[in-house]
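**Q** Residue strings, one per chain:
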Amino acid sequence: MADTSHIPYRFLQDPALYRIEQERIFQGPTWHYLCLDVEVPEGGSFVTTQIGETPIVVVRDNDGSVRAMVNRCRHKGALVCVEPRGKSPTLRCLYHGWSYHLDGRLRLVPFEKGLEGKGGMPACFNKEDHGLIPVRIEIFHGVVFGTLSSEVEGLEIYLGPQMCQQLHRVFHKPVQVLGYYHQVLHHNWKLYAENARDSYHATILHAFYATFKLNRLTMSGGLVVNHDGWNTMNYSIGASLQEGEYDAKELRSVMPDIGLAGPQLLDHRLEYPDGITVAIQSIFPTCVHQQIYNTLALRQLVPLGLDRCELHWTVFGYADDDPELRTLRLRQGNLIGPAGYVSMEDGVIGEYVQRGIAGSARDEQALLLMGGSDIASVTDSRANETTVRGFWQGYRTLMGAALDE
Amino acid sequence: MSDWMSDWQLQLRIQRLQTRYVHILDEDRLEQWPALFTADGCYTITTRENHQAKLPLALYSCTGQGMLQDRVTGYRRINVYEPQCYRHQISALEVEADPAGGWRCRSNFLVVRTLQRGDMSVFATGSYRDRIVEQDGELRFVERLVITDSRQTDTLLVIPL
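These protein sequence lines are chains L and F, in that order. The opening residue of the first sequence carries number 1 in this note's numbering; numbering runs sequentially from there. The opening residue of the second sequence carries number 1 in this note's numbering; numbering runs sequentially from there.
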């Protein structure tokens with residue numbers, strides 16, 4: 001088995017690996033969160049997104065089915081749909097007006113027969129051969145996933161049983177989008193993928209969690225891994241225990257003299273019978289699904305180059321939220337996103353790593369030894385990096401020998 | 001006093017409130033920031049993307065001076081970020097009387113953010129939508145809605161706009 005407890009810094013710095021990742025990770029046997037089906041409510045509704053660098057459009061066809069295509073005109077390669085979200089009876093490229101049906105078939109090429117018999121496309125040109133490239137999708141409880149791979153197993157097998165259960169737990173009834181955040185991060189995309197799986201940092205770096213007892217490693221909770229560690233979840237149950245552990249550790253994150261002047265920020269409602277108050281689920285490679293108290297969100301990470309990436313947050317509630325619950329969710333929006341009390345640090349910490357590893361030698365590496373070196377679910381302690389090792393298990397498996405060159 | 005004189009005086013008074021506001025933020029005197037609002041004043045930062053789509057999610061969503069003070073506590077003591085400062089440019093103030101009392105104003109802002117190593121960038125531009133009232137002889141914000149033109153936040157947002 002590959003070493004997942006020692007990760008060379010060069011994995012985060014090598015432009016050649018970045019190119020190979022696009023092919024083997026993003027175009028490889030992986031599933032990617034694309035959007036929610038409620039974001040394409042009617043025939044002609046579309047959402048533009050990406051799988052890695054590849055532009056994707058998700059469309060609702062007039063027959064009600066959801067489809068996804070590579071958002072690239074078959075003529076010159078221009079984007080067909082440009083807006084983040086919209087509605088259109090056909091998909092029409094602006095450049096030369098090539099127009100596609102909602103299922104991706106090419107329907108019109110302006111001047112295909114030329115003018116008065118002169119010019120135009122050759123007689124052998126067949127529009128049926130030039131539809132938008134279809135993208136395989138699966139919709140699980142209203143969450144649309146896509147893959148550029150024809151080989152990858154079905155979505156539910158890929159996710160694993162507990163990952164499916166967690167999506168079912170949150171998406172058990174219709175959701176409603178409350179808004180979006182978009183955050184540009186100045187580091188390699190894998191640092192965020194690690195960060196989201198890292199339960200060790202969460203209550204130390206994010207002092208707000210520990211100070212207000214929202215999440216502490218001493219609370220009961222656990223780490224879950226599925227699919228050989230590729231997909232993971234870190235959860236905690238919001239009853240505080242053994243507070244002395246924190247107070248004795250001289251953590252910056254515990255400041256007993258700090259109180260809130262607006263304590264309504266922490267008002268919340270237990271929504272799920274399991275009592276879990278914080279659950280962060282990571283689906284390999286770049287999807288994060290969060291429940292932090294009453295805030296529910298899907299985060300999609302898109303690489304923008306070797307040391308830049310963008311995090312797209314879709315924050316939602318349930319369509320049947322009562323006004324009080326809706327107010328709680330929106331007020332708790334202060335906790336999350338680029339300005340969130342418990343998440344803003346993640347915007348900069350990866351950049352500090354990227355800057356810190358500059359100039360490192362080829363054999364310098366990160367240590368992921370908390371809790372040993374295996375990759376397995378843990379129910380008795382979250383002082384453990386097993387979920388981070390799980391990410392690197394997926395990464396090493398797909399990248400293979402390219403990492404040794 | 002003629003109407004144009006009183007309009008002009010009002011415009012100047014509101015400009016003075018705006019000026020105090022930006023100096024408090026840009027000179028890192030954030031402890032004075034909540035007092036520019038009424039006790040139950042609201043402060044919201046959202047993006048044009050969310051605002052135009054009538055999506056209620058915001059980056060900052062504070063109701064009452066207490067929640068504003070907590071943002072200052074977060075900035076001073078709890079949150080981790082690269083040390084930074086803002087420089088605001090404000091312009092195009094438009095004032096109209098609010099039938100419900102006080103005034104409704106809008107103005108433009110541009111914020112340049114400077115990080116500790118000297119990196120400078122246009123961090124945000126957008127529109128302030130304000131509701132302002134007079135209390136004890138002072139103008140205060142009942143509501144300040146900040147709508148950023150860009151949907152993106154570079155790295156993080158810790159200091160209010």
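Since the hints were derived computationally from the structure, they do not count as laboratory data. Values in this document were obtained by computation on a predicted structure and should not be read as measured data. Some hints here could point you the wrong way.
[Claimed, not checked] Using 30 Å as the maximum straight-line C-alpha spacing, the simulated DSS-like pairs for lysine-lysine come out as follows: (1) Lys87(L) - Lys76(L); (2) Lys76(L) - Lys118(L); (3) Lys54(F) - Lys87(L); (4) Lys113(L) - Lys127(L); (5) Lys113(L) - Lys54(F); (6) Lys87(L) - Lys213(L).
[To be verified] Covered by chain F, per the in silico footprint, the following chain L stretches (three or more residues, Cβ under 8 Å): (7) 117 to 126; (8) 136 to 148; (9) 160 to 169.
[Unchecked claim] Negatives, chain L to chain F, calculated, CB over 10 Å: (10) Arg19; (11) Gly43; (12) Pro89; (13) Leu205; (14) Phe208; (15) Thr211; (16) Asp274; (17) Glu310; (18) Val315; (19) Arg331; (20) Pro338.
Glycine included, each C-beta is placed from N, C-alpha and C at the ideal position.
**Q** All hints are to be evaluated individually against the structure, with a verdict given for each.
**A** Hints and how they fare:
1. Note on Lys87(L) and Lys76(L): the hinted pairing holds, with a Cα-Cα distance of about 23 Å set against a maximum of 30 Å.
2. As the CA atoms of Lys76(L) and Lys118(L) are separated by approximately 22 Å, the hinted pair is consistent with the 30 Å bound.
3. The suggested pairing of Lys54(F) with Lys87(L) holds, with an alpha-carbon distance near 17 Å, which does not exceed 30 Å.
4. Between Lys113(L) and Lys127(L), the direct Cα distance comes to roughly 12 Å. Compliance with the 30 Å bound is thereby established for this hinted pair.
5. Taken as a hint, the Lys113(L) and Lys54(F) pair is broken in the structure, with Cα atoms around 46 Å apart against an allowance of 30 Å.
6. Distance restraint check for Lys87(L) and Lys213(L): the Cα-Cα separation of roughly 45 Å exceeds the 30 Å cut-off, and the hinted pair is therefore not satisfied.
7. Against chain F, the stretch 117 to 126 of chain L contributes 0 residues with a C-beta closer than 8 Å to a partner C-beta. That does not satisfy the three-residue criterion, and the hint is violated.
8. For the stretch 136 to 148 of chain L, the proposed coverage by chain F is not satisfied: 0 residues have a C-beta within less than 8 Å of a C-beta in that chain, short of the threshold of three.
9. Counting residues of the stretch 160 to 169 of chain L whose beta-carbon sits less than 8 Å from any beta-carbon of chain F gives 0, not enough to reach three: the coverage restraint is violated.
10. The Cβ of Arg19(L) sits about 25 Å from the closest Cβ of chain F, beyond the 10 Å cut-off, so the non-interface label holds.
11. The claim that Gly43(L) lies off the interface holds: its Cβ sits roughly 20 Å from the closest Cβ of chain F, which is beyond the 10 Å cut-off.
12. With 10 Å as the threshold on Cβ separation, the claim that Pro89(L) sits away from chain F holds: the shortest Cβ distance comes to roughly 21 Å.
13. Its closest Cβ contact with chain F, about 6 Å, brings Leu205(L) to no more than 10 Å, contrary to its assignment away from the interface.
14. Separation of Phe208(L) from chain F is inadequate, the least Cβ-Cβ distance of about 5 Å not exceeding the 10 Å criterion.
15. The claim that Thr211(L) lies off the interface is violated: its Cβ sits roughly 6 Å from the closest Cβ of chain F, which falls inside the 10 Å cut-off.
16. No Cβ of chain F comes within 10 Å of the Cβ of Asp274(L); the nearest lies about 26 Å off, and the non-interface call holds.
17. Separation of Glu310(L) from chain F is inadequate, the least Cβ-Cβ distance of about 7 Å not exceeding the 10 Å criterion.
18. Separation of Val315(L) from chain F is inadequate, the least Cβ-Cβ distance of about 5 Å not exceeding the 10 Å criterion.
19. Listed as outside the interface, Arg331(L) is inconsistent with that label: its C-beta sits roughly 6 Å from the nearest C-beta of chain F, within the 10 Å cut-off.
20. Taking the minimum C-beta to C-beta distance to chain F, about 4 Å, the non-interface status of Pro338(L) is violated against the 10 Å cut.
This entry does not satisfy hints 5, 6, 7, 8, 9, 13, 14, 15, 17, 18, 19, 20, going by the numbered hints stated previously.
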